[in-house]
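Student: In order, the protein sequence lines correspond to chains P and G.
Residue numbers for the first sequence follow the working numbering, so the first one is 595 and each next one is one higher.
Residue numbers for the second sequence follow the working numbering, so the first one is 595 and each next one is one higher.
No lab work stands behind these hints, which were simulated from the structure alone.
One should not assume that every hint holds.
Intra- or inter-copy, both count: the list cannot distinguish identical chains.
[What the hints assert, rightly or not] Under the rule of at most 20 Å between Cα atoms (straight-line distance), these lysine to any residue pairs were calculated in the SDA-like manner:
1. K890 - E803
2. K890 - Y879
3. K890 - T809
4. K817 - S797
5. K890 - R805
6. K890 - Y802
7. K727 - R837
8. K675 - A878
9. K817 - V799
10. K727 - G859
11. K727 - A676
12. K918 - Y664
13. K817 - K918
14. K707 - N907
Here's the letter readout for the chains.
Protein chains: 2
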Amino acid sequence: MAATGLAAMARPAFAQGDLLPSWNDGPTKRAILDFIARTTQAGGRDWVPVPERIACFDNDGTLWTEQPVYFQIAFAFDRVKALAPRHPEWRTQEPFRSILADDRATLATLGEKGFLEVMAATHTGLTTEAFGKAVLDWLATARHPRFNRPYTDLVYQPMLELLALLRAHQFKTYIVSGGGIEFMRPWTERVYGIPPEQVVGSSGVTRYELRPDGTPVLVKDPKVMFIDDGPGKAVGINQFIGRRPVFAFGNSDGDQQMLEWTAAGSGARFMGLVHHTDGVREYAYDRPSLVGQLDKAWNEALRRGWTIVDMKNDWKVIYPFELK
Amino acid sequence: MAATGLAAMARPAFAQGDLLPSWNDGPTKRAILDFIARTTQAGGRDWVPVPERIACFDNDGTLWTEQPVYFQIAFAFDRVKALAPRHPEWRTQEPFRSILADDRATLATLGEKGFLEVMAATHTGLTTEAFGKAVLDWLATARHPRFNRPYTDLVYQPMLELLALLRAHQFKTYIVSGGGIEFMRPWTERVYGIPPEQVVGSSGVTRYELRPDGTPVLVKDPKVMFIDDGPGKAVGINQFIGRRPVFAFGNSDGDQQMLEWTAAGSGARFMGLVHHTDGVREYAYDRPSLVGQLDKAWNEALRRGWTIVDMKNDWKVIYPFELK
Ligand SMILES: [Ca+2]
Ligand SMILES: [Ca+2]
């Protein structure tokens, strides 16, 4: 009955029929539709007032693919290659040597510290505007090594449908990602319908400067401002949004605290995890994995009855281009 | 003609007549109405797409009174007094001694460092929830020393009308304040119609903790995360909103960079300053002033033709309670 109510309400935006057409029928899809129906049905016991309808999504591995490496790492490595002629010292200096030599064995051991070093070296001194342009230029030309397509083609069609369905029910959709805020904002509105002010992410310090002609710019410093991962996701949600979400979706241990923080509010709650189970159409990985490890958060989800998406069985298609 | 178009469009929200009834006619009011008309008239040369309609307002001295001291300082001092029985050492230790003794001469020299010390001592260890409750409890009982009213009564009626008019024209209204983000968010939605996720401000570090029963909390640490003042306002706008505003209003030198940052975008722009000229109905101050000094930003506004509100002459009433 709740689902019938939802279908009726959603009709203007989702003309008759399936509200999540790329999701197979089953408990996962039912849990999502049921939550949206219950929380948006006026007068219902689980009704959530519109201003409280905050839905937070992790990005890497939840809204788009994150293999064989986080796409932002691919971007940073490509910047190292582009800037290498100006930095002859990089030919012998790690981690730049390994990047330039495509030495994957060494790169796999890079870790967060090494990656931050690469970001600092390749992003420092750019204005925020120049950085945004560099991101868009890269996305326009770079291709994913396996699918040979622009990285922004590798977003998940079922999640695009879910984002749109939530917005049609007056949920405000946010990204809450460990990725760089300035790496995401230039394209999230076009690709996900999520405007820059609804993107929470990791960020570096920027410095306000007046150029000689009086034009103000913000220049990227090497210093890290905030890491939006793990416990940082709850901190970031509080810092940027200032409200507790009622709906949150992630895919890895870095999302555990975001889901805990969401679950700890009162009233109806939805906590979801994407489990990468499809090695044929995408990638299959959970524990252990260097990228997007799902281990502790999986245990907690099983224990607490959170929704777990089985990509292989729950999703009819993975990417939008499969529909064409 | 533009103003006619605006009146017609605004009719649903502002039934016939004056769109800013508490503003006297004159160049200031005309500049505001003209800007809104030009930027929202479909097909016009200065039309701004809805997603780009970002309007940023400073809070202290721009949306509410900031004399005789910033209201957040009054809050922190009241907390020192409330917590004093648990801290006998404060009777001799500065700056607490001066606060407990109401030693205004010493307090006037406190400066940002001293104030941060008071905040750290009185806020550290509270959860974000407990802190928000402390703010609301204080607002419910504290009274302004001159007006003998709750501090939230001392918001500017003309600015409430401006906020509502902007929103009626699909501008997203933000607060961008040097004040504490957690001090503002509990009440800005009720008082200004600005939801917590549209409040940018200074903030401290918070720490994610699981309580013994498994409940997650965010605990306030003494460390400063970000000071949203001066150049920090441009940084904060970029960090939290990720779009450049087209409209910004401040009242002091701490707003200069926010206005410069707003002015440096392309297309139509509005930069405004509230000049406190009414010592009878409110307070009169500019340069020099310990609170809300308006000096360099005033010079720049005069030089660049930014709009300057003369409170005494531009505003029919200052506070909402004058209407009753
Ligand atoms: Ca992820
Ligand atoms: Ca101010």
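Student: Out of the numbered hints, which ones does the structure contradict?
Tutor: Violated hints (numbers, rising): 8, 12, 13 and 14; every other hint is consistent with the structure.
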